[in-house]
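Sequence order for the protein chains is A and B. Mapped onto the working numbering, the consecutive letters of the first sequence carry residue numbers 289 to 784. Mapped onto the working numbering, the consecutive letters of the second sequence carry residue numbers 538 to 668.
Be aware that one or more of the hints could be misleading.
[Claimed, not checked] Covered stretches of chain B (in silico footprint by chain A; criterion: 3 or more residues with CB under 8 Å from a CB of chain A, positions within the stretch not fixed): (1) 575-587; (2) 594-606; (3) 609-618; (4) 624-638.
[Said to hold, decoys possible] Each pair of labels, with its calculated beta carbon distance range: (5) Leu600/B - Phe330/A: 38 to 46 Å; (6) Ala491/A - Leu615/B: 41 to 49 Å; (7) Leu593/B - Leu326/A: 33 to 41 Å; (8) Leu326/A - Ile630/B: 55 to 63 Å; (9) Ile630/B - Phe333/A: 35 to 43 Å; (10) Leu309/A - Ile544/B: 34 to 42 Å; (11) His636/B - Trp352/A: 21 to 29 Å; (12) Ile630/B - Ala356/A: 34 to 42 Å; (13) Gln597/B - Gln486/A: 35 to 43 Å; (14) Ser580/A - Arg585/B: 49 to 57 Å; (15) Ile544/B - Pro355/A: 30 to 38 Å; (16) Arg778/A - His636/B: 32 to 40 Å; (17) Leu600/B - Gln486/A: 21 to 29 Å; (18) Arg634/B - Phe333/A: 35 to 43 Å.
Rather than coming from a laboratory, the hints here were simulated on the basis of the structure. Computed from a predicted model, the values in this text were never measured in an experiment. Yeah, the Cβ is synthetic: ideal placement off N, Cα and C, and Gly gets one too.
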Amino acid sequence: MTNLPAFPILLPLVVAVLFILARVKDRHAGTVAIAGALAHLFICFLLMAEVMEQNVIVLWVGAWPFPAGICLVADYLSGVMVLVTAVIHTAVVVYAAKDIETRQIKAGFYPFMQVLTGAICGAFLTGDLFNLYVWFEVMLMASFGIMVMENPAGRLTNAVKYVVLNLLATLFLITAIGLLYGLTGTLNLADLHDKAAQVENTALFTSTAMLMMTAFGIKAALFPLFFWLPAAYHTLPAAVAAFFAGLLTKVGVYALIRLFTLVFVTQTHITHTILMGAAMLTMVTGVVTAASQMDIRRILSFHIISQVGYMILGLAVFTPLALAGTLVYMVHNIIAKSNLFLAGGLIHRATGTFHLSHMGGLYKTHGLLSAGFFIPAFSLAGFPPLSGFWAKLLIISACLESGHYTAAAVAAAVGLLTLFSMAKIWLEAFWKQSPRKVPLPLPKNHFAWMMAPVLCLCLFTVLLGLFMEPVMQLSLAAGEQLMNPAAYVRAVKGGG
Amino acid sequence: MEHFLAIVVGLMVSAAFFLMLSGILIRFVFGLILMGNAINLLIFTAGRLAPVNPPLIGAQQSLLAAPAANALPQALILTAIVIGFAMTIFLLILLFRTHDQTGTLDADQDRFVLETDETDLPEITGQKGKE
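Sequences are here, hints too, so could you generate the full structure?
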């Protein structure tokens with residue numbers, strides 16, 4: 289037995305404590321955070337390597353035996369998600385070193401980010417439903433902290449929307465957990481898988497599934513529960529927005545995947561049909577609303593919603609291929625989306641605005657930034673050979689294979705509309721003549737520093753697309769693992 | 538007992554939702570607290586109720602004597618109460634600061650809502666002034 293699954297959670301929390309106890313000076317804060325993020329990335333990489341070897345790693349925290357304790361489980365899905373989290377965390381912290389102002393550091397930006405990262409990893413790794421709830425709460429608290437710090441006047445109302453809806457989601461979640469415990473007498477996910485098959489009161493069981501879907505649907509910004517997202521995200525600093533946009537909704541998606549492949553699998557004709565409807569509506573509303581926006585951050589925010597639809601669609605189709613598609617889509621989307629928000633922040637620096645009609649001519653003045661925006665944007669729209677193309681291809685072919693022709697058509701059409709939005713940003717921000725006579729003077733070295741994470745993430749997007757074969761194999765293995773949880777259950781139950 | 542508590546939980550949740558659906562945010566806070574308590578009661582009920590001994594292991598024993606109450610729901614509720622307490626405090630402070638900024642906690646009023654839609658223009662002028 290190895291302690292490895294605990295470290296991706298512990299390390300950021302320890303770094304956060306260190307920040308406070310050691311009273312890290314403001315000018316060193318960025319360096320310490322980057323060092324912490326790199327160490328975290330390294331550990332997550334080790335964990336992923338270990339998962340590749342053993343398939344499922346189980347750690348019983350405190351060595352409490354099987355039904356009593358809480359376990360951490362790292363399978364392919366968790367391992368990949370934790371690794372991607374570490375990548376984004378590192379990129380964002382590097383970017384933030386020049387983006388975040390001193391007063392935000394004083395307000396505790398870095399410790400909050402570390403706690404948030406630790407909590408996200410905790411949510412990805414836990415094998416216990418109540419523990420998942422606790423990690424969600426830690427995540428919420430940290431994200432609240434970041435969201436309200438140093439907001440310019442009037443912006444708190446957006447935080448209020450975010451806080452209020454997320455608290456409501458939490459209540460739904462805890463209700464569902466209570467009901468599920470009443471039905472099965474256990475909260476261990478692997479045990480729930482076995483006990484769920486024996487539940488006689490299927491009506492209450494399905495209602496619990498719906499409550500759970502509502503709770504995580506709010507977190508994942510599913511239709512019709514997404515209204516908090518565009519309201520909250522478009523006022524955040526670029527680094528924070530990138531982190532939130534990339535990861536927070538995906539934790540909700542992850543939880544949905546975990547629960548609806550492991551626990552709520554007895555009534556798929558009800559639950560997964562509803563998921564499919566929600567997924568299609570999410571894709572369409574997200575992309576259509578985005579088309580009418582002119583603020584870059586708003587466009588990108590609405591696209592988060594529409595992209596979540598694709599992931600849930602893969603879950604709803606519920607075949608190994610579709611789940612593999614969902615995993616590829618999540619990885620691709622987290623990287624591309626965070627990258628776009630970071631690039632959006634740079635566009636703001638270069639033009640002084642987020643509004644498309646007030647900017648232009650960036651292609652002429654900022655060649656590198658154009659590349660940094662072009663690659664994730666057109667990956668998101670699904671251009672071959674970038675990662676988004678393969679992700680969409682997998683999901684659509686899974687839809688066709690299982691006979692969901694409408695869903696496949698909707699997914700393809702939404703891809704086209706995504707292209708429309710991305711092309712709009714491209715035309716307005718990069719190709720159009722700049723409305724500004726004199727270009728803004730730029731702090732050059734800052735700009736180069738902040739370009740580095742953007743370009744690194746671009747590189748990931750390109751590499752992910754070019755080396756799809758190994759990625760595909762890994763995600764197909766993950767899809768198989770999710771569809772046949774026997775190995776997962778055996779690993780958890782045998783480990784105690 | 539279970540049936541009675543189920544009805545109580547139902548009533549509390551409906552009252553909580555009634556409060557939450559009001560546009561005035563301070564009522565939302567009360568709704569939230571009420572709903573939190575209702576859900577704790579629900580978890581408690583879901584853990585089965587019976588007139589048995591408290592779940593305490595005696596000094597000479599190493600295991601729990603057979604007819605004892607279920608300790609797990611109590612642990613869950615305790616956690617939920619602590620977390621709910623922190624969240625409520627945070628929300629109250631957030632609303633207090635929001636009231637400072639907007640002068641209202643009525644989400645239907647224009648001055649509460651409008652500012653979110655005007656983010657573009659002040660930003661440009663602000664940036665120009667700075668540089």
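A quick look at each hint next to the structure:
no., hint, in the structure
1, 575-587, "holds (count 7)"
2, 594-606, "violated (count 0)"
3, 609-618, "holds (count 5)"
4, 624-638, "holds (count 8)"
5, Leu600/B - Phe330/A: 38 to 46 Å, "44 Å, holds"
6, Ala491/A - Leu615/B: 41 to 49 Å, "30 Å, violated"
7, Leu593/B - Leu326/A: 33 to 41 Å, "49 Å, violated"
8, Leu326/A - Ile630/B: 55 to 63 Å, "35 Å, violated"
9, Ile630/B - Phe333/A: 35 to 43 Å, "39 Å, holds"
10, Leu309/A - Ile544/B: 34 to 42 Å, "50 Å, violated"
11, His636/B - Trp352/A: 21 to 29 Å, "46 Å, violated"
12, Ile630/B - Ala356/A: 34 to 42 Å, "37 Å, holds"
13, Gln597/B - Gln486/A: 35 to 43 Å, "37 Å, holds"
14, Ser580/A - Arg585/B: 49 to 57 Å, "53 Å, holds"
15, Ile544/B - Pro355/A: 30 to 38 Å, "32 Å, holds"
16, Arg778/A - His636/B: 32 to 40 Å, "55 Å, violated"
17, Leu600/B - Gln486/A: 21 to 29 Å, "26 Å, holds"
18, Arg634/B - Phe333/A: 35 to 43 Å, "41 Å, holds"
Hints 2, 6, 7, 8, 10, 11, 16 from the list above are not met by this structure, while the remaining hints are.
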